[in-house]
Structure formats: structure tokens, C-alpha cells
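Kindly generate the complete structure, drawing on both the sequences and the hints.
The residues making up each chain are set out below.
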Amino acid sequence: MTTSTTKAVLSTSASASAARAVGASKIYDSGDAEVRALDNVDAEFARHCYTAIMGPSGSGKSTLLHCLAGLDRLTTGKIYLGDTEISSLSEKQLTLIRRDQIGFVFQAYNLIPTLTARENIVLPIALAGRKPDAAIFDRVVDTVGLRDRLSHKPTELSGGQQQRVAVARALVSQPAIIFADEPTGNLDSRASSEILGFMRRAVDELGQTIVMVTHNPNAASYADRVVFLADGKVTDELANPTTDSIIDTMKKLDS
Amino acid sequence: MIKFTIRNLFSRKFRLLLTSLAVVLGVGFMAGTFVLTDTLGSVFENLFADTTRGVDAVVRGKEPFKDRGHHGTSTRPPVPDSLVAEVTSVSGIRGAEGNILGYALVQNKIGEAIQTRAPTFGTGWYSEKVAINKSLVRIPKWQGATSRRPVADNEVALDRATAESGKFRIGDSVSISFLSVPPQSFTLVGVLDFGGNENGLAGATLAAFTPARAQVLLNRCPGATGVLECPTGAGSWDQIEVLGAKGTSEIEVRNSIRADFQPAGLKYDVITGQQLADEQVANVKQNLSFFNTFLLIFALVSLFVGAFIIYNTFSITVAQRTRELGLLRALGASGGQVIGAVTLEAFIVGIFSSVLGLALGVGLVKPLEGLLSAFGLNLPSGPMQILPRTIAVSLVAGILVTMVSAIAPARRAARVAPIAALRDQSLPPSSGRRRYLWGALATLLGLLAMGYGLFGSSGSNAAVLVGIAAAIIFLGTAMLSPLLARPAARLLMAPSRKITGQLAEQNAARNPRRTASTASALMIGLALVTLIAIFGESAKQTFATAIDEQTKADFVISPKGFLPFSPEIATTVRNRFEAKFGSPGAVVQYRDAPVEVSGSATSAFGLSPDFQSTSNVPVRNFDRAAFKQGGVIISDAVSGARRCLASSTAKALVPCRVGTFLPMRFPSSGVEAIAVAVAGVFVDAKAIGYRGDYLISLSDWDSRFTDAFDQFVIILRPDGASTAAAAKIVNSVAKEFGGVKAQNKADFKDSQLAQFDQILGLMYVLLLFSVIIALIGIINALALSIYERTREIGLLRAVGMSRRQLRAVVRDEAVIVSVFGSLLGLVIGIGFGAAIVASLRDQGISFSLPVTQLVIFVILAALAGVTAGILPARRAARLDVLRAISSE
Numbered sequence: 000m001t002t003s004t005t006k007a008v009l010s011t012s013a014s015a016s017a018a019r020a021v022g023a024s025k026i027y028d029s030g031d032a033e034v035r036a037l038d039n040v041d042a043e044f045a046r047h048c049y050t051a052i053m054g055p056s057g058s059g060k061s062t063l064l065h066c067l068a069g070l071d072r073l074t075t076g077k078i079y080l081g082d083t084e085i086s087s088l089s090e091k092q093l094t095l096i097r098r099d100q101i102g103f104v105f106q107a108y109n110l111i112p113t114l115t116a117r118e119n120i121v122l123p124i125a126l127a128g129r130k131p132d133a134a135i136f137d138r139v140v141d142t143v144g145l146r147d148r149l150s151h152k153p154t155e156l157s158g159g160q161q162q163r164v165a166v167a168r169a170l171v172s173q174p175a176i177i178f179a180d181e182p183t184g185n186l187d188s189r190a191s192s193e194i195l196g197f198m199r200r201a202v203d204e205l206g207q208t209i210v211m212v213t214h215n216p217n218a219a220s221y222a223d224r225v226v227f228l229a230d231g232k233v234t235d236e237l238a239n240p241t242t243d244s245i246i247d248t249m250k251k252l253d254s
Numbered sequence: 000m001i002k003f004t005i006r007n008l009f010s011r012k013f014r015l016l017l018t019s020l021a022v023v024l025g026v027g028f029m030a031g032t033f034v035l036t037d038t039l040g041s042v043f044e045n046l047f048a049d050t051t052r053g054v055d056a057v058v059r060g061k062e063p064f065k066d067r068g069h070h071g072t073s074t075r076p077p078v079p080d081s082l083v084a085e086v087t088s089v090s091g092i093r094g095a096e097g098n099i100l101g102y103a104l105v106q107n108k109i110g111e112a113i114q115t116r117a118p119t120f121g122t123g124w125y126s127e128k129v130a131i132n133k134s135l136v137r138i139p140k141w142q143g144a145t146s147r148r149p150v151a152d153n154e155v156a157l158d159r160a161t162a163e164s165g166k167f168r169i170g171d172s173v174s175i176s177f178l179s180v181p182p183q184s185f186t187l188v189g190v191l192d193f194g195g196n197e198n199g200l201a202g203a204t205l206a207a208f209t210p211a212r213a214q215v216l217l218n219r220c221p222g223a224t225g226v227l228e229c230p231t232g233a234g235s236w237d238q239i240e241v242l243g244a245k246g247t248s249e250i251e252v253r254n255s256i257r258a259d260f261q262p263a264g265l266k267y268d269v270i271t272g273q274q275l276a277d278e279q280v281a282n283v284k285q286n287l288s289f290f291n292t293f294l295l296i297f298a299l300v301s302l303f304v305g306a307f308i309i310y311n312t313f314s315i316t317v318a319q320r321t322r323e324l325g326l327l328r329a330l331g332a333s334g335g336q337v338i339g340a341v342t343l344e345a346f347i348v349g350i351f352s353s354v355l356g357l358a359l360g361v362g363l364v365k366p367l368e369g370l371l372s373a374f375g376l377n378l379p380s381g382p383m384q385i386l387p388r389t390i391a392v393s394l395v396a397g398i399l400v401t402m403v404s405a406i407a408p409a410r411r412a413a414r415v416a417p418i419a420a421l422r423d424q425s426l427p428p429s430s431g432r433r434r435y436l437w438g439a440l441a442t443l444l445g446l447l448a449m450g451y452g453l454f455g456s457s458g459s460n461a462a463v464l465v466g467i468a469a470a471i472i473f474l475g476t477a478m479l480s481p482l483l484a485r486p487a488a489r490l491l492m493a494p495s496r497k498i499t500g501q502l503a504e505q506n507a508a509r510n511p512r513r514t515a516s517t518a519s520a521l522m523i524g525l526a527l528v529t530l531i532a533i534f535g536e537s538a539k540q541t542f543a544t545a546i547d548e549q550t551k552a553d554f555v556i557s558p559k560g561f562l563p564f565s566p567e568i569a570t571t572v573r574n575r576f577e578a579k580f581g582s583p584g585a586v587v588q589y590r591d592a593p594v595e596v597s598g599s600a601t602s603a604f605g606l607s608p609d610f611q612s613t614s615n616v617p618v619r620n621f622d623r624a625a626f627k628q629g630g631v632i633i634s635d636a637v638s639g640a641r642r643c644l645a646s647s648t649a650k651a652l653v654p655c656r657v658g659t660f661l662p663m664r665f666p667s668s669g670v671e672a673i674a675v676a677v678a679g680v681f682v683d684a685k686a687i688g689y690r691g692d693y694l695i696s697l698s699d700w701d702s703r704f705t706d707a708f709d710q711f712v713i714i715l716r717p718d719g720a721s722t723a724a725a726a727k728i729v730n731s732v733a734k735e736f737g738g739v740k741a742q743n744k745a746d747f748k749d750s751q752l753a754q755f756d757q758i759l760g761l762m763y764v765l766l767l768f769s770v771i772i773a774l775i776g777i778i779n780a781l782a783l784s785i786y787e788r789t790r791e792i793g794l795l796r797a798v799g800m801s802r803r804q805l806r807a808v809v810r811d812e813a814v815i816v817s818v819f820g821s822l823l824g825l826v827i828g829i830g831f832g833a834a835i836v837a838s839l840r841d842q843g844i845s846f847s848l849p850v851t852q853l854v855i856f857v858i859l860a861a862l863a864g865v866t867a868g869i870l871p872a873r874r875a876a877r878l879d880v881l882r883a884i885s886s887e
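Protein chains in written order, with numbering that gives the first Met the number 0: chain A, 0 to 254; chain B, 0 to 887.
Among these hints, one or two may not hold up.
Stated by the list, open to error - With the Cβ distance kept under 7 Å, some of the chain A side facing chain B (calculated, not the full set): (1) D71; (2) T94; (3) R97; (4) F103; (5) Y108; (6) L122; (7) P123; (8) A125; (9) L126.
Since the hints were made in silico from the structure, they are not lab data. Each residue gets a CB set at the ideal place from its N, CA and C atoms; glycine is no exception.
Encoded structure:
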């Protein structure tokens, strides 16, 4: 299994959606009661689009993200990345897809402490045994403003800088889709808006596709579209959201 | 706190087991050694109690001086046959009989010697009605036929094991070789059990003849030639065994003989049967205690390596529990309580592993016996002896090692501040400048101590000092080695351009102290392996040079076992050369010669006066005539020492040189020293046969020594004789006499070198224990690191690291640690080896480096590292990505 074949499989896709969940259910069997983390979810995430997934704790938003990203497997249903149905892929194939087609930004522990910022950024490319494209690398590094921090180890960076490195890492391999799990959850508001701004620019200027889980209405307002989840079901959707419209929708859902 | 500790310990059973294993193996090795030697000790005790069964007192020749015990030749003179009558006439004595135990090698039906490494004995067997010594017990029937005592000169009885191994039946012909007479055939008439035990001989073989026949066969009939049985009064005995009158005690019997012999008292030793048994047991026990010490050294090395593992494991777990310990402190636990908790944990691990180790040790006895017998050391077996001492020592050693190793980590744990509970990361390790200082100091101290031990002192204290110095050097370098961990990791992974290699390098360099102390455990094993390899290679090369450059030989005759052989062999070769080629060629005999010089027993060598025809060793100022008349050649080291006399009658000591006289005592020369003419000085002798400082001419041998047996014979064929023709003669003589092998120079060299290799091999295998323990340490440290880095591994997997790549990272880290450790060990081992070889320069040993072997060791260590990495790598690869990234 070479990387180029995986790449070929996904890039032939004519589909407009970058990722798609069809009848996705995830059931945890905890002895007495079964917990439906995802309950027959259908959702589509368009290319070149910045989508936020919102919902209260336990709504299944993180589970959905993990399943979309191939980190977790559904109980029933299907996940498509481009035209590739990933729920039937082997662990090996999933690894290659994660490496070549997906970018990740987590809430914390995004970086390998022993590697410098530069090494962290090119890690997925290095894992694939390739050389980073210098032009893309420069553009990404300049976009997130890390030029003078490249030789620093993560412990020498602030929380915001660490997340910028994580974003840069997600961007530099030019994945088909980036998944972000509460990327600003540990940051103060200034650092948060910086990160969210970079992600916005990645979609606008670099044509990236981003799916982001958050519970922060302000963060979600950077997105093109917000999908609301509650009790494992998609309950609502909002296009071109603002902080206010998001808060309104949330209130509506709560009641 | 106690409850907390115990729960904590047992919640991680796998870790507990791995950690314990490091101590279990060391303790097991130690316990196994004790059980093995105790068992052997009790076997020999029973054996010797049997040899004097029924004997009240023993009369034997007086030992002229205490021999150091490594000679094939006894210094105790035999007693004349006439003494039997004299002893019998002492009042209160019921009977006395002469006894001999000599060399007799039994051949099986196809002419192969029946022999393990144990001795092969011949003896005389008295009629059961009169026999005083009851150690020979007849088996009434052997495979259906009646078994009886030999009564004619062509009859023999064998012990059960030998008869079984040779598949002999009563009436079969048995060929037996002796030291002083050619091999002969006998008819088997009986089979016996020594001491009534089926395995009473502990591996030795025994052939029994009529006593008078035994005297002839076993070189105890000097007064008569051409007889089959020694006439009364003509022969001699090793000792006379006495039975006292009914109702007298052993001591009374002994005392009455002593009283009667008072005038001749100086000539003979009279002791009780019990004393003889005790003496023999003490001798064997002394040999066993060498053996015990030899094995214990390796066990201690294993324990020492285990201590490193314990230290490392506790250090890692304390570091990992920084938050938890901080929380305990925040909740009000004192530093002392934290120390207590960690120490208690160590105590429990110690008990757990000591008990397991003890059990393992008992289980190890059989494999250890098997191992030793694979290396040619056949040991008798008996009921296993597990003495309270073994149990106590094992428990104490295991618990102590574990607790001492945990002291430093416990103190570090106590230093964790309550605030650590709130911090995200564990505290970065302290800079360690003080540690490096201590390390440097310890290394220096160790080096000084070793230097003093090797060059400044002597005796067994020196050996102990060198051992302790080595341990201190190991500790010191282990403390210093973190300095090298980072560069070493970079260097080792430099050839790898892959990201996995880079990650492994970073992981190894992340906590240099951990990497270094994991590697140090392996360092010790490798250093010792290297040391042994260098020592062995140097000794081998020295020996090879001795043969190649300093010895001229077509053939060498040497014993098949360790015992010397009959001088008749050399004489026969000479005679047959003479008959066939008209010239005897050069047939040079070499003998071990126990002598006493300046009041202390020393080893000398006896050799034929024409020895220079087969030796290139230069002899300065050689006075050939003086040597031929029984003179002595001294070594360069003795030349000039104030030990000699200006004339054979002078009293004052003068420096030794040619022309002076060296006072020496020989086994047969009585109390007074004999002034022996110094006939030359030999220099830089590596050649075989140049042991010690004195070379004595064989010419006056018989008046000085009680036994005349050759250690080896070096032969140059006569001029004009073809090698093949000469070989035919030499081989046939060797075959006729049995017990010896004739080899050409190259084969002799190879077979001697092979013996070196066998001993080296045994030591390697024994060191393997400590290497295995070190590998367990690597497994443990990696497994703990992986546990610690769960998050990071999850992240790596999430961003696209395949399982294979992850395994490669862990494996590479294992390789870094193991190669780093073995390179450190290699350097230290080469240093030790050079130092020890240098200290042995007097013995003619010169340094030689077995490069190929050392390269192989490092490659093996790297492979072992890969193996050690397998388990942790699989654990890492099995981590569930999702759980890893969401774990706290």
C-alpha cells in the first residue's frame, strides 16, 4: 500500500463534500444501559468550507469528529472521506489516510516535546518519508507568524504559539480536510482569536476544508456553517453564523 | 500510607513482576550456588566417611612440607611394608594392613578410556574376613553371575558404575592402564559398591586387585622387579590402616601406636580414622569453597546489575508519580512518610523477589550442574542440601539490594513539593553537577584502589580489593555516563536518516540520566565479558607464542585428563627410536616439582638435562655440567635475590647468581635443606614447562622426590627419520600405555587453546545472567517510558505514524540504550583487561586484543537490544489511538 494510491483514490472524487456521515451510530455498551453517543447521524461537510460542530457535553460532537477522522469506528453507518468509505478500511490504510489526507489540531498535547517547532510542523511529511515543499512550508509558517520560533522546543513556546505550530502542522501537508477538537479550549481570548483567524484564512486563502468541534459560540462564529448536536442527533444547522445567532439557537435547543 | 503503598504496588502487577525479576535472577543464582556446593559438600563428606569405614587409626609418611596442593605429585613418602608387622605388634592392636590408592584407567571393550573429569583409582582389596577397611562392599551377584574379590594376579573387580558403563560381565577381559607399568588385561571377577552406596565414588572409577598385585601395578614395589605380586617386605604402602582391640577407642589406638613409635616418631604420622576423614573432607571443602567463590562472584555481579535495575525502576516510577506524591504532600504527608512509603514498596518488592529467587535457585541447581558438566566438570549428585544459611543469605541479600537501591529514589520522592500536584509536568531533573562530581570522585578512587590492588599488594586481599574497586568504578562511570548519553544517541542514530531514528534519538536524549542508568546495567556485563575475552586472548596468545616460538617439537605427549603419567613412556620412545633409526632423538620430559625455597613451598619444574634441544628459551651463563649433575636454573626475577649461599657449606645468604648454591627442600630430602648449584638464569620464558622460578634437572630426581611422573614429554624425531615413521612409533607407545595422547605441535597447541576456550565459554555463560538482567532492565525502562508517553504516542499515531514506524522508534531506542551500554562496557573492559594483564607481566603474559570477538559482542548487544525492544514496542503499537489522545 503506497501513499500515492491512497492519494489517487481520494483525489478522483468528484463529490462536492469532503466528508460525509451516513446513518452514523455509535453505541457504547456499558453493562446495564447502552449509551448512544451517535444516533443515526447524517451530516455532510462541504469542500473549502469551515464547519463548526456544537453541542453540550455528552452530545456526541467529539465522537462524531473522531469517527469522521478515522480515529474511532462506528457501530453502524458509513463515513466517507471524499468518495472513500473509510469504516471498512484496515488500520494500516486508516493510518495512511490520516497521514496524507487529514490534518489534526487538538485541544492540548498537540506537539511532540522532544521535537522543535519546525520538526513538529513537518512531522506528518517526515513520517511519510517525503520532503516538505519549501514554498508551501514558508507560506504556512508566515501565515501563522512562526518564522522566528522554528528552532524552539514546545516547552519554550506559549500556549498560543504551541497551537499555532499545531495549525501549521495541519496545514503544511495540504490535507483534504482538517479536524480541530476544541483548538482554543486552553487559550485566552486573544490567542484564541489569533488561531481562529488563521483557520479562517486557511479556508479563504488556501482553500482548506476545516471541521471544528467547539462549545464556544464566539469560536463557532468564525465558521461558514454550524451543525448542532444533542443526545447524539443533529438538531439544527446555521449558515453564516454570528455569535448572537449561535447563542439564540443554543437557547432554543436548551428549552 | 501502608495501605496506599500496597495498593499502588499491586495495581501494576506487570511492573512489579518485571522489577522483581531483576532481583529474582540474582538471588536465584546465589541460592543455586549455595545449594549446589552444599550438596557437593555433603556428598563428599559421606564419601570420605566411607573411605575410613572400620579404620581406627592410620600410619603414614610425614609430609616434609606443606604442599600448595596443585601438584600431581604427592610430597608424602610411602611407608615400607615392614611397618605393617611393626604396627601389628603394638599392644592393643587387633590388626593392620597396608593400603594404596593409585592411578588405574579402565578401558571399555573398544579401547576407550572410561573416565569423566573425576579421578580413576586402583587399589588393593583384602579378604572380607580380615579386611580392616570396610569401604569396599561386594555386590553378591552381577547380571546373574556370582561376584567375588580378586584372588589371583590376573583378576580385577570394578565399581558398579564403571562395570555398567563398560558393559562388562563377570568373566570379561578388562584392559587397564597404569602410570608406571604398561597396560594389562585382567579378568573381571567381581563388582563392588564403594561404601555400600551405588554412587559412593562420586564419579570416580575404581579397579581393585589383590593387595600385592596392586603394589606392583601402582608403583609401590620398588624393591622387586619382574614380579607380578610384590613379595612381603619388598613393597611399600600409601598408608597403614589399623584396627584396635575390642573396646578401645580410636584415640586410644592412635595414642598407643604413637607411644610405641616415639623413637621413630619423626618419620611417621599417626592419626585416627576420623581425623583422616575430616582432613580429606576439609581438603575437598577447600576446593569446593574456591568453586563456591567462583560461582558466587558471578551471582554477585548479577545482583549488582539487578541493583541498577531496581534503582532505575524506582527512579522512573517516582518521577511518574510526581503529581501524585505532590498531592500526598499537599494533603499533609511529611517527607519522611513519603520516604517510608517508597522504602516500604522496596521492602515488599525485596521480599517478593527474594522468595521467588530462592525457589528459582533450588530449581537452578540441576541446570547449573548440567551447564558445568557440559563444560567438562562432572559433579556427583546427592540429596539436595538447602541449609538455613542459604535461605537467610538469599533473603537478606535480595531485600538489602532492593532497599539500598531504592534509597536515592525515595529521597528524591521526599523532595517533591506539594505544588507539584498542581503543575502539569513532572519536575525537570536537577542539573546533577554534584552527581557528576561524585561520579568523577568515585571513578578516580576506584582507579586508585584498583591500581593498588593490582600492582601494590598481593594475595587474596588484593583480589577482593580489585573486585571492590571495579564495583566503585562501575558506580562512578554510571554516574558520569549521562554526560555521554546525548552525544551517544546522536552518534548511534546518525546513520539513520529516517524520522523514526530521529524520534528514537530524541527519546533517548530526553532523559539522559534514565538512558544512562539503563545502559549502565548492560555496561557491567559487557565490561566483564570484555575483560574475560581480553584476559583469555592474552593468555592464549602468550601460550601460542610459547609453543610457536620457544618450543621445537615434532610431537608432544600429554595426559588425557590432568594426572601425570609414567616416565616409562619417554624411555620407551627413546628406545624404539634408537632401535629403528639408530638415534634416540630428543625426548624431553617435564615434571611438576614441589619444593620449598626460603621456607615457603613453591612450584618448580623438573626437566631433562638436554631440554635445550626442544627449547629456544635463552639461558644466561649456562653451566651445562652443573645442571646435568642436578643443578637448578633460576629465573631472571630470582637472580640477584639474597637467597643463595656462596658455597655448599656456607651459612650466610648472598645474592643468587651462577656459581652460588640455592638451599632447597625436597619431599625426600628430610628436614635439612640441600644446597643446589645454580647453573644458569632463564629470561622471558613463556614456553610450556617454565612454571615458577626454578628449573631442576631430572638427573638427581629419585633421591629428591617420592614419585616420578611426567607432566608432558616433548619429542624431536632423530635426524633422518621421517615424520610419518616417527609418528607411528610415538602413537603406538601412547596407545600402549593409555591415559595419554600424542599430538604434533600444531594439534597440541590447538587442544590446549581449546581448553582455554572451554573455561572462557563457561564464564561467558555465567555472565549471561547479568546480561539478561540488564536486558530486563531495558524492557522495564522502555515499558515505563511508553506508559509515561501515552499521550505523545497517541498524537504520533493520530498524525499518521504507522504501527510499524512506532515499533521502529521503540526498537531504535532500545538499540541506542544497549549499544551505548555495551560500548561503555567495552571501553571499561578494555581498561580493566589491560590493567590486569599488565599486572601479570611477570608471568610472561602480554596484552592482546580480540578485536573480532569484541565487535561480535557489540553486534550481539545490539541484537539483544532489538529483542528487548520487541515487547515494549508491541505494547506501544497496541495502544488505542483514541484512548491515548484522550488519556490524562
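Now the hints, each set against the structure:
no., hint, in the structure
1, D71, "holds, 5 Å"
2, T94, "holds, 5 Å"
3, R97, "holds, 5 Å"
4, F103, "holds, 5 Å"
5, Y108, "holds, 5 Å"
6, L122, "holds, 6 Å"
7, P123, "holds, 5 Å"
8, A125, "holds, 4 Å"
9, L126, "holds, 5 Å"
Checked against the numbered hints given earlier, the structure satisfies every one of them.
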